[in-house]
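Enquirer: My request is simple: use the sequences and hints to build the entire structure.
The sequence shown begins at 12 in the working numbering and counts up one residue at a time.
Read the hints as simulated data drawn from the structure, not as lab findings. Positions of the beta carbon are idealized from the N, C-alpha and C atoms, including for glycine. Take the hints with a grain of salt, since some may be wrong.
Stated by the list, open to error - Per label pair, the in silico range of CB-to-CB distance:
| # | residue 1 | residue 2 | range |
| --- | --- | --- | --- |
| 1 | E76 | E19 | 28 to 36 Å |
| 2 | E76 | R38 | 21 to 29 Å |
| 3 | S79 | A16 | 26 to 34 Å |
| 4 | T95 | A58 | 31 to 39 Å |
| 5 | G30 | A75 | 28 to 36 Å |
| 6 | R59 | P137 | 20 to 28 Å |
| 7 | P128 | S29 | 30 to 38 Å |
| 8 | Q15 | R82 | 27 to 35 Å |
| 9 | A74 | P28 | 25 to 33 Å |
| 10 | E81 | A16 | 17 to 25 Å |
| 11 | D26 | Q73 | 18 to 26 Å |
| 12 | Q73 | P28 | 17 to 25 Å |
| 13 | T98 | L72 | 17 to 25 Å |
| 14 | G129 | T95 | 15 to 23 Å |
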Amino acid sequence: MRWQAFLEAVQERGDYPSGLEAERASRVVLALLGAHLVGEERNDLAARLPETFALILLNPLQAAEPLSPERFVRAAAAWIEGATEQTAAWDTSAVLSVAADAAGEDLLERMLLQLPPGYDLLFGHPAGI
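Expert: The following block contains the structure:
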């Protein structure tokens, strides 16, 4: 996926007034996601993202333990300037739903196997639907 297409999709889903806000949310959320994905799944997702975001995903923040979806959102809120947990949930879903589209169903399912239960909702793909 190309840079502009990724940002436009995040901007549209997040209803951001500017691409700068979409980019800021994308950088934080993908850095956090990169700390939770390992191996082939992280590499495969990176190959489907714009280069700048791929590098962020491949050089993530370090996580001591996998975060539950709720803690992931709280962590995003702490890193996104001016965010609350509610706005960070919106940011997270906007970015991860676009990443899910870029990944495709097979890779998304493999990624979800690495993550604690509940991430399917953050990616906009509830299990069983």
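Enquirer: With reference to the structure, classify each hint as holding or not holding.
Expert: Checked hints:
1. Between E76 and E19, the C-beta spacing of about 34 Å keeps the proposed range 28 to 36 Å intact.
2. Look at E76 against R38: about 22 Å separates their beta carbons, and that is inside 21 to 29 Å.
3. Separated by about 31 Å at the C-beta atoms, S79 and A16 satisfy the suggested range of 26 to 34 Å.
4. A beta carbon spacing of about 33 Å between T95 and A58 agrees with the range 31 to 39 Å that was offered as a hint.
5. Distance hint check: the CB atoms of G30 and A75 are about 33 Å apart, consistent with the given range 28 to 36 Å.
6. Evaluation of the 20 to 28 Å hint for R59 and P137 yields a pass: the beta carbon distance comes to about 22 Å.
7. As the Cβ distance of P128 to S29 is approximately 34 Å, the hint placing it in 30 to 38 Å holds.
8. Under the hint 27 to 35 Å, the C-beta atoms of Q15 and R82, about 32 Å apart, fit the expected range.
9. Distance hint for A74 and P28: a CB-CB separation of about 31 Å, consistent with the stated range 25 to 33 Å.
10. Between E81 and A16 the beta carbons are some 30 Å apart, a value that contradicts the proposed interval 17 to 25 Å.
11. Checked against the given bound of 18 to 26 Å, the beta carbons of D26 and Q73, roughly 32 Å apart, lie outside it.
12. Look at Q73 against P28: about 33 Å separates their beta carbons, and that is not inside 17 to 25 Å.
13. Against the hinted window of 17 to 25 Å, the Cβ-Cβ separation of T98 and L72 comes to about 20 Å, which satisfies the hint.
14. Separated by about 20 Å at the C-beta atoms, G129 and T95 satisfy the suggested range of 15 to 23 Å.
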